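Q: Given the structure of chain A, go ahead and fit chain B onto it with the hints provided.
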Amino acid sequence: MAVAPLFGSDGESGKMLDAIQQQVQGVFEKSGPAVVRIEATDTHGRLAGSGFFIDPNGTLYTSYSVGGESQDITVHFRGERHQATRLVSDLRSGIALLKIEAQTPFVSFGKARELALATPVIALGYPMEMPLTPSFGIVGGFDGKYGGRFFATTHIRANLPVQRGESGAPLLNTKGEVVGILISTLDNGSASFVLPIEAAEKVRMDFIRFREVRPGWIGLAVKAADAPAAGSTALIDEVMAGSPAQKAGLTAGDILLQIGARQISVPADVLDASFFLTADDGVPVRVNRAGTEVQLEVQPADPPTARRASLPPAGVAPHGLKVGQ
Amino acid sequence: MTDEQLSALLRLKRYEQPPAEYFDRLLRDIQRRQRTDLLRRPLWKIAFERVQTLFCEHSMGHMPYAGAMAAVLVAGIAAIGWLTPGGTAPPQNPRFIPEAKSAAPQRLLSLQSDPAPPFDWQPLSTAQPGFAPVVPQPRYVMDARPVSYEPSSSFNF
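Sequence lines, in order, name chains A and B.
The first sequence maps to residues 1 to 325 in the working numbering.
The second sequence maps to residues 1 to 157 in the working numbering.
FYI, nobody ran anything at the bench for these hints, they're computed from the structure.
Source: prediction; values computed, not measured.
Note that the Cβ used here is the ideal one computed from N, Cα and C, for glycine as well.
Take these hints with a grain of salt, some might be off.
Pairwise CB distance ranges (calculated) [what the hints assert, rightly or not]:
#: 1; chain 1: B; residue 1: L39; chain 2: A; residue 2: E129; range: 56 to 62 Å
#: 2; chain 1: A; residue 1: A102; chain 2: B; residue 2: P136; range: 23 to 29 Å
#: 3; chain 1: A; residue 1: R209; chain 2: B; residue 2: P136; range: 40 to 46 Å
#: 4; chain 1: B; residue 1: L73; chain 2: A; residue 2: E129; range: 55 to 61 Å
#: 5; chain 1: A; residue 1: I138; chain 2: B; residue 2: P136; range: 34 to 40 Å
#: 6; chain 1: B; residue 1: P136; chain 2: A; residue 2: D55; range: 30 to 36 Å
#: 7; chain 1: A; residue 1: F109; chain 2: B; residue 2: P136; range: 36 to 42 Å
#: 8; chain 1: A; residue 1: Q83; chain 2: B; residue 2: P136; range: 33 to 39 Å
#: 9; chain 1: A; residue 1: G242; chain 2: B; residue 2: P136; range: 36 to 42 Å
#: 10; chain 1: B; residue 1: P136; chain 2: A; residue 2: S108; range: 34 to 40 Å
#: 11; chain 1: A; residue 1: N159; chain 2: B; residue 2: P136; range: 31 to 37 Å
#: 12; chain 1: A; residue 1: A19; chain 2: B; residue 2: P136; range: 58 to 64 Å
Covered stretches of chain A, as calculated for chain B (at least 3 residues, CB under 8 Å) [to be verified]:
#: 13; segment: 58 to 70
#: 14; segment: 124 to 130
#: 15; segment: 179 to 185
#: 16; segment: 248 to 257
#: 17; segment: 266 to 276
One-sided excerpt, in silico: chain A residues whose CB lies under 8 Å from chain B [to be verified]:
#: 18; residue: E39
#: 19; residue: R46
#: 20; residue: L47
#: 21; residue: A48
#: 22; residue: Y146
#: 23; residue: F151
#: 24; residue: H155
#: 25; residue: P161
#: 26; residue: Q163
#: 27; residue: A191
#: 28; residue: F193
Only chain A is shown next, with the shape it has when bound in the complex (with noise of 0.2 Å):
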């Protein structure tokens, strides 16, 4: 079968790499002033990160490795050094949100959950002592664990390209808008783990409401079934007595199907579906018991051992939630 070659020689694949070029530069232009190198100080020492505003009034981004912890933290814009405030800090999904005392221009927000495999992605940072520095690439990928270990929820997999210095950056589409935050890279560098924009509105949404992030516990154990009913291997093996999930009505042995909006297939989505939780949401759940579709409202609560504060208490997962061993 003869397949259409990508780069032909009758000039197509010259347009077409005109095409990219010009639409990274329309992104580097529209988005690229909202993006910030910013600095700061921590136990070992100066460290420098990227950044990116999402507001006019110097609200801004960054991940939990640059402004999460670190003191005296400060924000290049426009040839100024702002000293900067920590609003509030996430360990859990692993961002910060900063702010300045300035009129700044903003990046404007993209639905992550839109991008399919392959969409072409745009990340714009500061590596090393660089200036701001576009990297162009495509969604490799949705992923929940990583090497065998588990994020707190799903990360957008980048193949593109990113270096030191860039932990923070803002991932866009096409469009110049935001759909993540550089959390991480993969091995070598020629990728990156990024935390969905939606992700990180809801630790933003929580701190504007509670001024605190406030996760939602509803008292479960889960686990695989041995098979799946009705599309999911989500089988709640415990509901903890005095729970959320007892008040409802929810009982060892039903089938999660669905948590809020997120459908459930297997136990890794649960920990992806009860990162959106907040304390005293209602959230619609949807089980399936004995072959029968069952629809409960559950109330989620603060934690047992609920996390208040931007760390978790010793013995505690960093994402808030308790894990079993």
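A: Frame of chain A, contents of chain B only:
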């Protein structure tokens, strides 16, 4: 070697003599070594001793001797001043080098007598990038894995 053979050898050695040119060569060798030894001393010391010997040989008094020494000193200073163009350049400090001016870099090495442009002395550390002080770089952050990273696939939530 037997005792008899040894005795015969000693008898022969008794009559042994060096060749005639040996003694000429020996004298030249001694003079050469003396000269070499003499020249190891500083030149000014040799000159000073020769002048001193000259005056002593002519039995001059103390005042002419002092006057002659003063004249030599003045002549030496004048010679140094004549050899140094302008005579205003500060002595070379090994820790400092002049910054090269692209407009007239050759003037720094000029032997002309017209006044040289003022030197812009720069510490070696800033004029030579290789010796520039190391500015501490911040730690550029990019984690190898997300900070939220759980080891278990068994969930209580």
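Q: Next step is simple, just say for each hint if it's right about the structure.
A: Tested hints:
1. L39(B) / E129(A): 56 to 62 Å: Holds: the Cβ-Cβ distance is about 60 Å, inside 56 to 62 Å.
2. A102(A) / P136(B): 23 to 29 Å: Given range 23 to 29 Å: holds, Cβ gap about 27 Å.
3. R209(A) / P136(B): 40 to 46 Å: holds, 41 Å
4. L73(B) / E129(A): 55 to 61 Å: 60 Å Cβ-Cβ, so the 55 to 61 Å window holds.
5. I138(A) / P136(B): 34 to 40 Å: holds, 37 Å
6. P136(B) / D55(A): 30 to 36 Å: holds, 34 Å
7. F109(A) / P136(B): 36 to 42 Å: With a Cβ separation near 37 Å, F109(A) and P136(B) satisfy 36 to 42 Å, so the hint holds.
8. Q83(A) / P136(B): 33 to 39 Å: violated, 20 Å
9. G242(A) / P136(B): 36 to 42 Å: violated, 55 Å
10. P136(B) / S108(A): 34 to 40 Å: Holds: the Cβ-Cβ distance is about 37 Å, inside 34 to 40 Å.
11. N159(A) / P136(B): 31 to 37 Å: holds, 34 Å
12. A19(A) / P136(B): 58 to 64 Å: At roughly 43 Å between Cβ atoms, P136(B) and A19(A) fall outside 58 to 64 Å, so the hint is violated.
13. 58 to 70: holds (count 5)
14. 124 to 130: holds (count 3)
15. 179 to 185: holds (count 4)
16. 248 to 257: Since three or more residues must qualify, the claim that chain B covers the segment 248 to 257 of chain A is violated, with 0 doing so at under 8 Å.
17. 266 to 276: holds (count 5)
18. E39: Holds - the Cβ of E39(A) comes within 8 Å of chain B, reaching about 6 Å at its closest.
19. R46: The hint holds - R46(A) has a Cβ within 8 Å of chain B, the shortest such distance being about 4 Å.
20. L47: holds, 4 Å
21. A48: With Cβ-Cβ at 4 Å, under 8 Å, it holds.
22. Y146: holds, 7 Å
23. F151: F151(A) check passes; min Cβ-Cβ to chain B is 5 Å, inside 8 Å.
24. H155: For H155(A), the interface hint holds, since the closest Cβ of chain B sits about 6 Å away, which is under 8 Å.
25. P161: The hint is violated - P161(A) has no Cβ within 8 Å of chain B, the shortest such distance being about 11 Å.
26. Q163: Holds. Min distance 7 Å.
27. A191: violated, 12 Å
28. F193: holds, 5 Å
Figure legend: structure checked against the earlier numbered hints; hints not met, in rising order: 8, 9, 12, 16, 25 and 27.
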